[in-house]
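Chains as they are written, first to last, in my numbering: chain Y, 23 to 134; chain S, 10 to 120.
By construction, these hints were calculated from the structure, which means they are not laboratory data. A couple of the hints might just be wrong.
As the list claims (entries may be wrong) - Which stretches of chain Y does chain S cover? Using the computed rule of at least three CB atoms under 8 Å from a CB of chain S, they are:
{"#": "1", "region": "66 to 78"}
{"#": "2", "region": "90 to 99"}
Said to hold, decoys possible - Computed list of lysine-lysine pairs in BS3-like fashion (alpha-carbon distance at most 25 Å, straight line):
{"#": "3", "chain 1": "Y", "residue 1": "Lys-33", "chain 2": "S", "residue 2": "Lys-14"}
{"#": "4", "chain 1": "S", "residue 1": "Lys-80", "chain 2": "S", "residue 2": "Lys-24"}
{"#": "5", "chain 1": "S", "residue 1": "Lys-51", "chain 2": "S", "residue 2": "Lys-24"}
{"#": "6", "chain 1": "S", "residue 1": "Lys-66", "chain 2": "Y", "residue 2": "Lys-79"}
{"#": "7", "chain 1": "S", "residue 1": "Lys-103", "chain 2": "Y", "residue 2": "Lys-79"}
{"#": "8", "chain 1": "Y", "residue 1": "Lys-79", "chain 2": "Y", "residue 2": "Lys-39"}
{"#": "9", "chain 1": "S", "residue 1": "Lys-24", "chain 2": "S", "residue 2": "Lys-67"}
{"#": "10", "chain 1": "Y", "residue 1": "Lys-33", "chain 2": "Y", "residue 2": "Lys-79"}
{"#": "11", "chain 1": "S", "residue 1": "Lys-24", "chain 2": "S", "residue 2": "Lys-77"}
What the hints assert, rightly or not - A few chain S residues that don't get close to chain Y, going by computed Cβ distances all over 10 Å:
{"#": "12", "residue": "Lys-51"}
{"#": "13", "residue": "Leu-55"}
{"#": "14", "residue": "Ala-79"}
{"#": "15", "residue": "Asn-106"}
{"#": "16", "residue": "Gln-107"}
{"#": "17", "residue": "Thr-112"}
If you're wondering where the values come from, they're calculated on a predicted model, not measured in any experiment. From the three backbone atoms N, C-alpha and C, an ideal C-beta is built for every residue, glycine too.
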Amino acid sequence: GAGVSQSPSNKVTEKGKDVELRCDPISGHTALYWYRQSLGQGLEFLIYFQGNSAPDKSGLPSDRFSAERTGGSVSTLTIQRTQQEDSAVYLCASSFANYGYTFGSGTRLTVV
Amino acid sequence: QQQVKQSPQSLIVQKGGISIINCAYENTAFDYFPWYQQFPGKGPALLIAIRPDVSEKKEGRFTISFNKSAKQFSLHIMDSQPGDSATYFCAASKAGNQFYFGTGTSLTVIP
């Protein structure tokens, strides 16, 4: 596609429920990144994929967070047993070689 | 440890003025330094980037100044306009790996 597509754009969920966030990167982009941005805050690194493998999972905040990428394309970020502190905008970015990230518009997650 | 430190946290500039945002980094292995611009409700968008083999890069009203010895780089926005009001993030990376972002600067340009 022309850009990085994330879905849903907004998600409201009840505390304790599981959620899945989806990212469709730009076709041909081998690297994919997930970041979290809390209100008025910077970008918190979560996980990075090169192809289907995740060489760096160091940013995942807890074992409730997991991510996978299939076919070197679509990625899903799953948050289990959501907590209120998980409320944030989850941003996905993709890149090819070292030419900079292209970000999606994000998924705004609200846990009530 | 914060790999990239950004200042100021917020900045207010009159229309037509110069906006300057500064960043400093720790890792001398970093070889790519982009700036991103983010409007409310949108993801960050690449604005301009520089590699350490040059000291300055200019694209329109936007200029990156790079000081390799001081491990610092800055974004200058000339003739700032109200439409430039956004949050700006600097970043650094090594060989296409994870980008390390600054904490962001909220710029407001007053008409």
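query: Among all the numbered hints in the text so far, which are the ones the structure does not match?
result: Numbers 2, 3, 4, 6, 11, 12, 13, 15, 16 and 17, in rising order.
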